[in-house]
Each structure stands twice: as C-alpha cells, then as structure tokens.
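S.K.: Residues per chain, in single letters:
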Amino acid sequence: AQSVTQLDSHVSVSEGTPVLLRCNYSSSYSPSLFWYVQHPNKGLQLLLKYTSAATLVKGINGFEAEFKKSETSFHLTKPSAHMSDAAEYFCVVSETSGTYKYIFGTGTRLKVLA
Amino acid sequence: KAGVTQTPRYLIKTRGQQVTLSCSPISGHRSVSWYQQTPGQGLQFLFEYFSETQRNKGNFPGRFSGRQFSNSRSEMNVSTLELGDSALYLCASSLVVTVSTGELFFGEGSRLTVL
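Going down the list, the protein sequences come from chains L and R.
For the first sequence, this note's numbering gives the first residue as 3, with consecutive numbering after it.
For the second sequence, this note's numbering gives the first residue as 29, with consecutive numbering after it.
The hints are simulated quantities; they were obtained by calculation from the structure and are not laboratory data.
Incorrect hints may appear among the rest.
Capping the alpha-carbon separation at 27 Å, the derived lysine-lysine pairs in DSSO-like fashion look like this [as the list claims (entries may be wrong)]:
1. L:Lys44 / L:Lys60
2. R:Lys85 / L:Lys103
3. R:Lys41 / R:Lys85
4. L:Lys44 / R:Lys85
5. L:Lys103 / L:Lys70
6. L:Lys70 / L:Lys60
7. L:Lys44 / R:Lys41
8. L:Lys103 / L:Lys44
9. L:Lys70 / L:Lys113
Covered by chain R, according to a simulated footprint, are these stretches of chain L (three or more residues, beta-carbon under 8 Å) [as the list claims (entries may be wrong)]:
10. 36-49
11. 105-113
Distance ranges between label pairs, derived from CB positions [what the hints assert, rightly or not]:
12. L:Lys71 / R:Ser107: 40 to 46 Å
13. L:Thr19 / R:Gly56: 15 to 21 Å
14. R:Pro89 / L:Gly18: 26 to 32 Å
15. L:Lys71 / R:Gln46: 42 to 48 Å
16. L:Ala56 / R:Ile40: 45 to 51 Å
17. R:Arg37 / L:Ala56: 37 to 43 Å
18. L:Ser5 / R:Phe97: 31 to 37 Å
Positions of the beta carbon are idealized from the N, C-alpha and C atoms, including for glycine.
Let the hints inform the model, and build the full structure from the sequences given.
M.R.: Here it is, written out as structure tokens:
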C-alpha cells in the first residue's frame, strides 16, 4: 500500500533564507510524486511532479525537489524564501499500477518571517 | 481557458439536511475527483469519475455519493448531514485518463458548514 509522510506540520523561516519541506513515501510500485501548494481559502496548485524521468525536478516559483529512491524521500527546497511563499504545502504520491488514486500528506504550513 | 469551477463557494446547512455540490472541470478534462479537507483529517479522497463511471472510491459512508454527466460536469451529494461533515470540499479535474500520473487541477472549493 502506498502512503506519504510529511515530517513537519509547521516550518518557519526568515525571508531570504532557504526552505526545506520534508516528505517520505511508501509505495509498492513505481510512484509518481507531486508537491502542491494551497494558499488560504484557495484550491491546490501544482508546484512540481516526478514521474520517473530526472530525479531532480524543478517547479514553479523557484522550488525544486529531489527524488531519492534509496531514502524513499522527495523533499521540497527553495534557495531563498519570499513572503508570498507562506502557505500550506502537500506532498502527494500515486502509483502507476492502474488504479486512479492520489494519497495526500497531512501538509506542512510554511511561515515566512520578515 | 477557464479553470475548475465549483458552486456554491459557501453554504450553511443544518443537521439532517442534504446538500448537492457542483463541479465543472476544465474543458476537455474527463476525469473528475472529489476531496474532503478538514483541519483534523486533512485531505481525504472521496471518489473519482471518468466518462460518467465511478472508477475509485474512498472510505466514506454511503451518505456521500456522486455522479458525472455526459459533459463531464460532476455533482456530489451528502445526505443526512452531520456536524462532522463541515469541511472544504475540493473538486479536481485531470487530462490524463489511464494512470494517476497527471496533474490535478483544483477548484477553489465549496465550504460547507453544518449547524
């Protein structure tokens, strides 16, 4: 069975400092992995996705994530945080096994301090 | 191109009533899925439809149901509302039809409050 664990429920960083949001996954098959962002009272927006191509994935707004199979991790990073990055971030896993099912992590709320 | 549209955006109901939420996917998207988001349980998958057929269902009671029309628009219905049904209900559409590798495009949600 597939699952995803976001290791931090809250992360605070100062503006201009790096961001690291951690995600570990469990999957019986080759997974597809995604990061989504949700701003208050809004729907979710895709930041980036991994689907068995390059292990380092670049997304929108300067975010990137690295797929590490040996560590079953897909951590999200950004070199320099901006105030507009304050939001909730979700790591998502799905399996390419024929079933249509996405499993969402519990979310990490990112706070950016001025 | 218009995004995913959900109506109504906000609604208040009382226990025991029923509610119907609507979702219009992005033009050309034939897969529509529904999620319930609450502070305690996070994002939970309700069900997914493709070409008017339910392909997958989450672990929700039978009070939660849905359907999809020939134009890909979808509705979900919750009967006999309970206080715990208060949540943000999100709809997402997707272009990829065979496996779950495609991007989900989300609407802004319908916020249901049950009193």
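S.K.: All hints, please: hold or fail.
M.R.: Evaluation of the provided hints:
no.	hint	in the structure
1	L:Lys44 / L:Lys60	23 Å, holds
2	R:Lys85 / L:Lys103	9 Å, holds
3	R:Lys41 / R:Lys85	25 Å, holds
4	L:Lys44 / R:Lys85	24 Å, holds
5	L:Lys103 / L:Lys70	22 Å, holds
6	L:Lys70 / L:Lys60	15 Å, holds
7	L:Lys44 / R:Lys41	21 Å, holds
8	L:Lys103 / L:Lys44	22 Å, holds
9	L:Lys70 / L:Lys113	26 Å, holds
10	36-49	holds (count 8)
11	105-113	holds (count 5)
12	L:Lys71 / R:Ser107: 40 to 46 Å	44 Å, holds
13	L:Thr19 / R:Gly56: 15 to 21 Å	41 Å, violated
14	R:Pro89 / L:Gly18: 26 to 32 Å	48 Å, violated
15	L:Lys71 / R:Gln46: 42 to 48 Å	46 Å, holds
16	L:Ala56 / R:Ile40: 45 to 51 Å	47 Å, holds
17	R:Arg37 / L:Ala56: 37 to 43 Å	38 Å, holds
18	L:Ser5 / R:Phe97: 31 to 37 Å	33 Å, holds
Of the numbered hints listed earlier, those contradicted by the structure are 13, 14.
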